[in-house]
Amino acid sequence: MGSVLARNCVTVSGVPSGRPMVFAHGFGCDQAMWRFVAPDFEVDHRVVLFDHVGAGSSDLSAYDPEKYGSLRGYARDIVEICRELELENVVLVGHSVSAMIGVLALQEAALQDAPELFGALVMVGPNPRYVDDGDYVGGFSRADILGLLDALDSNHLGWSAQMAPVIMGAHPDQPELAEELTNSFCRTDPDIARQFARVTFLSDNRADLADIAVPTLVLQCSEDVIAPDVVGRYVHDAVAGSTFTKLSAVGHVPHLSSPEETTAAIRAFLTG
Amino acid sequence: MSGAAGEPDPREQLGRLLEEDPADLYENAPMGYLSALPDGRIVKVNRTFCAWTGRSPDALLGARFQDLLTMGGRVFHETHVVPLLRMQGAVREIALDVVRMDGSVLPCLINAVELRNDDGTPVLMRATLFEATARRRYERELLTAQRAAEESEARSRTVQQVVSDMAAATSVADVAAVIVERGRAALRARGAALVLVEEEPAGGIDDLPRLHTEHAVGLPAELLHELQAAAIGQLALELEQGVRTIPLDERLRSVRPEIAGAMAAGGLSSLVLVPVTADSRRLGVLVLGLGAAGGDLISLDEPEAVTVTGPADVDLLWTLGRQAGQALERARLHEETARQAERSAFLLEAARLLAEAADVRETVERLAHLSVDRLADLCVIDLETEQGPVRATARHRDPTRQYLADEVRERHLSQRSATHPSTRAMQQGGTQWVRVVDEEFLAGVTSEDRHRQAIRAMELTSVVAVPLMADGRRLGVLTLATDRRRSSFTAADVEVAEQLGLQMSLVLAKAQRYELDVRTSHTLQANLLPPPPPEVAGLQMAVRYLAATQGVEVGGDFYDVVRLPDDQVALAVGDVVGHDITAAATMGQLNSVYRALLVDRPAPSAMIARLQASWSLLGLQRMATALFATLDPVTGQLRIASAGHLAPLLLTAGHAEFLPVAPSRMLGAPPAPAPAQEWAGVLTVGATLVLFTDGLVESRSADIDAGLAHLLAAAEAADTSDPDELCDRLLDALTGAHRADDIALLVLTRTA
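Residue numbers (the numbering used here), protein chains in the order written: chain A, 1194 to 1465; chain B, 125 to 876.
Chain A on its own, in the form it takes in the complex (with noise of 0.2 Å):
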């Protein structure tokens, strides 16, 4: 099993004895997300964090187009994972569709009869299901969606990586030149990228929260076109004993636009 800290490239950071922190990222780049909020927590907390399979410097040869086909087999790497590294209580913190997989995360525990695995659950602009339905307010409509996957091809950042030489004209003996044009964070392969675009903002997993049953923060942003607040409130009504805290921190990322607060938030839950 020492393959599974390998294929989710597991970083551990902090304080061994510390209570274990597993920060999952989002849809779009990988680890590096929480590069301003892990060392405030690194001082008195064991920090783990990982890329999902096909993210990051993830082993893109594990990605299973059917295990991956649906957010469940992101929870059953995240529970491999902890169980790999004999985590308990884990204070687990999901950015987006994270927060999701998180919720999934916890079932995959109970399944596994492990419910010490985890003890918290923080998420981070977490939207159980997009795409609008009846009365249910997601923020997307179908055609978005479609728009969302229409610009990933067009960006296609791991894609542009092969064509950048032949666009800009670069002699394929300088391939620094190739490299500097790339956007390296968020480079993937771009079938899979597309793969988690469509398992991300398809799914639907609003049953799911019901089942949540560790203390659970729910981070809400200002501004957020991805998880808009309604949607917050929606997650903080459907999970039982939840603590909702709005941000005023603008977008999607807020540990990146505003570790303090984000950072403050979390504590401020955790020492309840």
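Quick caveat, the hints were computed from the structure, so don't treat them as lab data.
Misleading hints may appear alongside valid ones.
Rough simulated footprint, nothing fancy, chain B against chain A, three-plus residues with beta-carbon under 8 Å [stated by the list, open to error]:
1. 1221-1233
2. 1339-1347
3. 1394-1406
4. 1442-1448
Part of the chain A face toward chain B, derived, beta carbon under 8 Å [said to hold, decoys possible]:
5. VAL1324
6. ARG1335
7. CYS1379
8. ARG1391
9. VAL1418
10. ILE1419
Pairwise CB distance ranges, derived in the manner of DEER restraints [what the hints assert, rightly or not]:
11. B:GLU459 with A:GLU1279: 56 to 64 Å
12. B:SER571 with A:ASP1326: 51 to 59 Å
13. A:GLY1262 with B:SER288: 21 to 29 Å
14. A:LEU1253 with B:ALA153: 34 to 42 Å
15. B:GLU144 with A:GLY1262: 55 to 63 Å
16. B:VAL167 with A:GLY1465: 39 to 47 Å
17. A:ASP1430 with B:VAL560: 54 to 62 Å
A virtual CB, placed ideally from N, CA and C, is assigned to each residue, including glycine.
Knowing the structure of chain A, use the given hints to seat chain B on it.
Just chain B now, with coordinates in the frame of chain A:
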């Protein structure tokens, strides 16, 4: 050569141009410039960008940059651009679409940098935007071409795979499995099924071709049922239309609510029908059920949206349909050849089995076993017997379903309705072939629930009933049926059933005749043989009668012991010539006449004379040998006369001898000129008299004298005067397991 007046100096000109106003350069640069705060609010923007977007600077200042983007662009901005700017301080060539004032979209490529103050806090984002309409179109075309190439490659891989899988498929079932699996994978369909037209029309020319599902994966049975019901009568029309998509829409809901309901229940948004053809023959349809989306993800199609199968997919499906058709034809030919060989082997085996047949019961049972092994799933054989119709056997191929056959066996012909194929075969004397077993048929052939349930549980698909006839006599019915695990009977199968019926009829006719004879002879003889000898004071007696084991007939041996009114005992042992019913009948008559004549208590020789005299009068057809004797149990006075019969044996104190009784002529032979000579003597106390027929001493391997000598020796060696013991020991010593003739044995010992 320098300084020519009036000539502008090119360097000066260039210098002036380069001293342009930087503000003008910013405002009118051939690219969009903008600066925004970390939250996206635009604080500075150039004229070029304003012109491109059709928005005034006032409208743009204070607006958030991400709000100018399309929805997809906004998500991409949040999930990629913002993190990248924060993490690496710059992004390059990000493709984003800016929405113009008029709603139209301006494809852009954006480079941006993040300005930070000394402690790393972001202060400002500076971005340059290039219009990238042409480039994006180029990229898009590249992408489209790449995707098309990938899809085209995937399609040709599918076709190659199908061709190679088909080559390995030798049965219709294999072909069906391949085409269903591959077709399903090619279209990422939720389910697929191959529905085939039955090879043989279900009867008259007006009958519509029947359909059956050869193989199905992931489609609800209800849907297949509804489709088949709907396709009847329109099949030719359906197939004519080529590859066809049936969306689950309002029209379908109103025209075919059952199909629409079944689709909805199965989570399907559309069906694709692919004709399966070989040359011009339409063999069936490949049905593909497309789901709303893969797995449990939300469908990207708007509810009610119609999924359209692209032309390339249509071509691919056409090809698959044709490949499947050809493979089906090949597999059918292969299967038919194999079945032909199997049929020949089956009939050969049946012929061998019938040739070895020992009795009707066993024959019927073994034939039933063979039939369900090779030809059918259920075999029922009804026989006409003297006691009326008998359901001789009902055998199921699957031992775990034999109980259902047993249930069926309990009903025999007379209990079944006139429409039952077995009844009709019997009555009309011709083969009945029920090609389709449906509820209507079940209702017609069964009269009560339990029976109907048993038949229904067997899931029969076709039935053949062949009458068993010989010389115009109806011997019974052979009924065979298939269930849905086996394909229905073909004309060739029915022919095999008829040939089997013919073979069976011949053997049955012979066997029934034979069994009738045997049974009659035994019944007759059993009725004719006298009861055990009466108790007589001073005498111990034992009798034995053993039928021959070889041959089928029963002999005409008899014995008789009668106590006469004057306390004398009359003894008789005889043997009618022949081993058949006539012999047995003659023996019976002889016995009756003998008993009648005893009324006058004639002496043994007189008995012979009287029987001789009345022989022709009585119409007795066979001659016979016999010994008649009278014995006084008190005095031991014994008189014996012989009509051509073997002399009796006397055993006295361990010494055995044949009494010298002079034989007269056989009964039924022309009468002798003089009466038979009687032997008269005394049977001493303790002496034993043994009367027997020639079966005891005759054998195929030795002559009768040897047999008689053997008997003497055996009697002495027996060392007993107990009649029962002596009977057993003599039979032990003189007869083996096989007897060529009947044996009658009467042993009598005087005790006081």
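Verification of the hints:
no., hint, result
1, 1221-1233, "holds (count 6)"
2, 1339-1347, "holds (count 9)"
3, 1394-1406, "holds (count 3)"
4, 1442-1448, "holds (count 4)"
5, VAL1324, "5 Å, holds"
6, ARG1335, "6 Å, holds"
7, CYS1379, "5 Å, holds"
8, ARG1391, "6 Å, holds"
9, VAL1418, "5 Å, holds"
10, ILE1419, "6 Å, holds"
11, B:GLU459 with A:GLU1279: 56 to 64 Å, "60 Å, holds"
12, B:SER571 with A:ASP1326: 51 to 59 Å, "57 Å, holds"
13, A:GLY1262 with B:SER288: 21 to 29 Å, "27 Å, holds"
14, A:LEU1253 with B:ALA153: 34 to 42 Å, "41 Å, holds"
15, B:GLU144 with A:GLY1262: 55 to 63 Å, "57 Å, holds"
16, B:VAL167 with A:GLY1465: 39 to 47 Å, "41 Å, holds"
17, A:ASP1430 with B:VAL560: 54 to 62 Å, "59 Å, holds"
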